[in-house]
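Visitor: Single-letter residue listing:
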Amino acid sequence: MKVDFPSTSFFEALKDRMAQEQDRFTKLGYFDTTFGVTVVGPGEQRRNYLLNFEVYECMGAREIDNLEGEDPDFVLEADIAQWQDMLRNIQSNGGADTDHGINTLTHFGEGMKVIYDDPERHDKLFRFSESIQEYFDLAADLQIEYAS
Amino acid sequence: MSYLATSHFLDDNEFVDKYLYSMRTGELDLSWMDAATKEVHCTSANERRGLTFRDLDVDGYGFSDLPEVVRENRCYAPRGAEIPDGVPDMQAGVNRSSDVWAYNVEGYVEEAMSRQWDATTDIAWTELQEAELPEEIGKAYAQLLTFLTEVEMIATDVPAKWMGQVNADFIEVKNFIALQAMDEARHAEVFRKRALSTGYGLMRASVQNEYNLKFLRDAETFSEASVTLHLQAEGNVLTLFRFSEYISPTDADKKMFRLVMQDEARHVGYGMQHLKWLIKHNPECRETLHAHLEEAENFLFGSIFANEVFEPFVILSGKGLKKENIDKGLVITGMFQMRQTEEYFERLDKCGLTDRRERSRLHEVYELTKQGLAAQGAI
Amino acid sequence: MAYFADRQYFDDPETIKRGTEFGEGKLILDWYEIENDRVRCTPSDPRRGLTYEDCSKGAYSWDLLPEFVRHNYSMAARGSVLVPGLPDMGYTENRKSDIWADNIGELYEESKSRRWAPAVDIDWKALAATDFDPAVTASMCQLCTTLSEVSLVGMEFPSRWVYLVNQEFLELKSLLCAQMMDQARAVEVFRKRALSSGGLKRASANVQQALKELLMADNYIEGSIGINLLVGSLLLGVYRVAATASTIDAHLFRRCQQDAARRVAYGMGNLAYHLAHREGRQEVLNEYLDLVEHCFAGIAGATEMLEPLIVIAGGGTEPGQVASGRARVASIYRVVVDEYLGRLAAAGLERRDRSRLPAFFAAA
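Just so you know, the sequences run in chain order F, V and A. Under our numbering, the first residue of the first sequence carries the number 1, and numbering increases by one thereafter. Under our numbering, the first residue of the second sequence carries the number 149, and numbering increases by one thereafter. Under our numbering, the first residue of the third sequence carries the number 528, and numbering increases by one thereafter.
Hint data in this document are derived by calculation from the structure and do not stem from the laboratory. Any given hint could turn out to be false.
Claimed, not checked - Here are the computed lysine-lysine pairs in the DSSO-like style, where the Cα-Cα straight-line distance is at most 30 angstroms:
1. Lys652/A with Lys27/F
2. Lys623/A with Lys476/V
3. Lys467/V with Lys623/A
4. Lys476/V with Lys652/A
5. Lys544/A with Lys471/V
6. Lys652/A with Lys471/V
7. Lys518/V with Lys544/A
8. Lys544/A with Lys470/V
9. Lys27/F with Lys402/V
Unchecked claim - So, partial list: chain F residues that the calculated Cβ filter (under 7 angstroms) puts toward chain A:
10. Lys113
11. Asp117
12. Pro119
13. Glu145
Claimed, not checked - Chain A is nowhere near these chain F residues, computed Cβ spacing over 12 angstroms in every case:
14. Thr8
15. Glu12
16. Leu28
17. Gly69
18. Glu77
19. Asp85
20. Arg88
21. Ala96
22. Leu125
23. Asp141
24. Tyr146
Ideal placement from N, C-alpha and C gives every residue a C-beta, glycine not left out.
Using the sequences and the accompanying hints, generate a full structural model.
Guide: Here's what the structure looks like:
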């Protein structure tokens, strides 16, 4: 089944895959964070998603108008081309290569921004970095329809 | 400020200039590329085990080449690295291999890392939630768990106290110490959690056993600490865990004791292998060890005053407080104590301290008790 | 031998009498009469298991820990019934606000849950088959040599204090043990990474000097800020760079990053708790950091740390690669300093206008 990116169904598909890969994520350990994803489209149009992880599972993924009111731990924000580039890379490699991992994309502020208010909650990006990367890597075998 | 670096880096012009020059020009020093170290490419001997410390035991880096006295490395450098001028002295007080090394320590480290478990999730707490323990059993069990959570962390504090003293070249031993600390934290945790989930809470602290803990803590050398902590105390606790598994009120409790047993057996293993190594490489230590064990055995005999430990065993093994339960419990507990003592001496025999039996007053008591039990037909 | 029993039990008539009475079935059972708080702790979330937080109930709660622990210097479990004669174990860390943090329980549980094993959780075979620029290979060996030194000191720090922390603070002691294990794992994985790819390189006098100054802090809270926050923040940046070397390194250093982030989180929690409960400590700690922040520069700017990072970040030693690498490292160092000062501020210690680090790293 094809899923559009960006869309709630895309993140829900990752959520379902995560549930199927329960052993893998249980082995990685508790994964307790709520973070936002912002996809910036043409004309600065923003689509925001709130992803909520608890224990070993993704509890919810939903689209919302404004992330500020939701108080996420941090927000990963990039333009749509960057997100698409990352996902295409994940699909062609079975997982992100080093240039397309969340770590690389965020740490020089080149491709993806990390927005946060609270440094302690921002550090959850690091505390759960392997789980976060493996969550996005679950897109490897999704059939993704990219918005133009 | 108890130590000041030999340079204040923000005020050290040479350091600052070099940093800025490298960053601004891109001209790098790169002299470290030609470090005087061995080139090696270690691979896994057994891929299922992954890359182990044993796979790293190669020329230039290996533990097999460790000298009896480490004289070259006094700093925080990893074994086998080039050590430049100007490194600080970590002030290690334990620099002799025979004082810390153990046969197979690298194996114990890998096993410990691989067999970590989690007291939070690996015990069926929801199942235990349903388990109702009768008052007599519940209280006795809560008292036993109180004792166990009280004593477990001594096996964190004692090795941790020595960590900073152990030369960095004995990295496998240092890692073993760190992993043991974690094992024991987990034991204190699981017994506390179990006590607090029985519905009876924690019971009474054990003064007599705490004297013994202080004795363990205040040993003057690592080897003395190890022979009494790893071999004697943890050896006794290992037997106690086996016994506790036997008298456990539920299957989940049995599993708990099996899990802690694995960790404890590893610590006892290290203690035995260290003692063997020590006796082989530094045989003159025997008299010192005998003296230390003499006092350790004195403490052990004195633990007869710890009725808050002995009596719960009697109740749990006899399954109640009635006279027939107590009588049965006394027989079983007596056998457990005999087993504990016998295994202690067996371990010492195995390590080469065979003359401990003939010198030990504990062994004298053991023999007399054994004869008494045999006369009663109990064994 | 430094501590002796109060008597020779083997010769003590009272001991012999007690043994004989037990043998006859004369039990004392005074402990049996104890009525303590009969809690029955259960998992608040079965998926998560029974956590320390679930067990912080009634008479056993960590919320009841006093600021000054005066009543117990023994190893008796917190909340158990204390009896006269318990010995003094020599604890020196008996003041809650020096050592405590509100996130201790959470971090301890997380550290167990997110454990990993370098021997098997890193694909060493795939790493061996990965094609690296020779300069990047050498740089990784150097970086891992330096990180071995940093991790060893990271392991020494909790060891140095754990046996001095009063047993009443069980959850903190447990977290310190988890940190010891995390750091042992770091020591292990960096040694394995280096020895699988060429071997160790050169130890660093500057890095070690800086680390020793931080390790030897006179008191716990200063050491905690130095090792957990100052060095921890730097490591989060260094790992981010090192993770770019290869896909396998990304897995390896992300895991190291997770472990380091817990240390940083505890450091923040410890500082925040300390400042929230102690007046006038901002200035004392600011003065301490005035003195020791140069150690951050000493580690980050040491040739044995800086240069391999540049080569790894740029992908080699060609001029263009070095230019790219130093731009990236300069950038990450600025980010790391900013994050470090942001963490201090969030914990209640504002020193963005006071620290010399931003100017030092901006100059490059």
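Visitor: Are the hints correct? Go through all of them and say.
Guide: Hint check:
no.: 1; hint: Lys652/A with Lys27/F; in the structure: holds, 21 angstroms
no.: 2; hint: Lys623/A with Lys476/V; in the structure: violated, 47 angstroms
no.: 3; hint: Lys467/V with Lys623/A; in the structure: violated, 42 angstroms
no.: 4; hint: Lys476/V with Lys652/A; in the structure: violated, 58 angstroms
no.: 5; hint: Lys544/A with Lys471/V; in the structure: holds, 21 angstroms
no.: 6; hint: Lys652/A with Lys471/V; in the structure: violated, 64 angstroms
no.: 7; hint: Lys518/V with Lys544/A; in the structure: holds, 18 angstroms
no.: 8; hint: Lys544/A with Lys470/V; in the structure: holds, 23 angstroms
no.: 9; hint: Lys27/F with Lys402/V; in the structure: holds, 24 angstroms
no.: 10; hint: Lys113; in the structure: violated, 12 angstroms
no.: 11; hint: Asp117; in the structure: violated, 9 angstroms
no.: 12; hint: Pro119; in the structure: holds, 4 angstroms
no.: 13; hint: Glu145; in the structure: violated, 27 angstroms
no.: 14; hint: Thr8; in the structure: holds, 24 angstroms
no.: 15; hint: Glu12; in the structure: holds, 20 angstroms
no.: 16; hint: Leu28; in the structure: violated, 7 angstroms
no.: 17; hint: Gly69; in the structure: holds, 21 angstroms
no.: 18; hint: Glu77; in the structure: holds, 16 angstroms
no.: 19; hint: Asp85; in the structure: holds, 16 angstroms
no.: 20; hint: Arg88; in the structure: holds, 16 angstroms
no.: 21; hint: Ala96; in the structure: violated, 8 angstroms
no.: 22; hint: Leu125; in the structure: violated, 8 angstroms
no.: 23; hint: Asp141; in the structure: holds, 18 angstroms
no.: 24; hint: Tyr146; in the structure: holds, 24 angstroms
Checked against the numbered hints above, the structure breaks hints 2, 3, 4, 6, 10, 11, 13, 16, 21, 22 and satisfies the rest.
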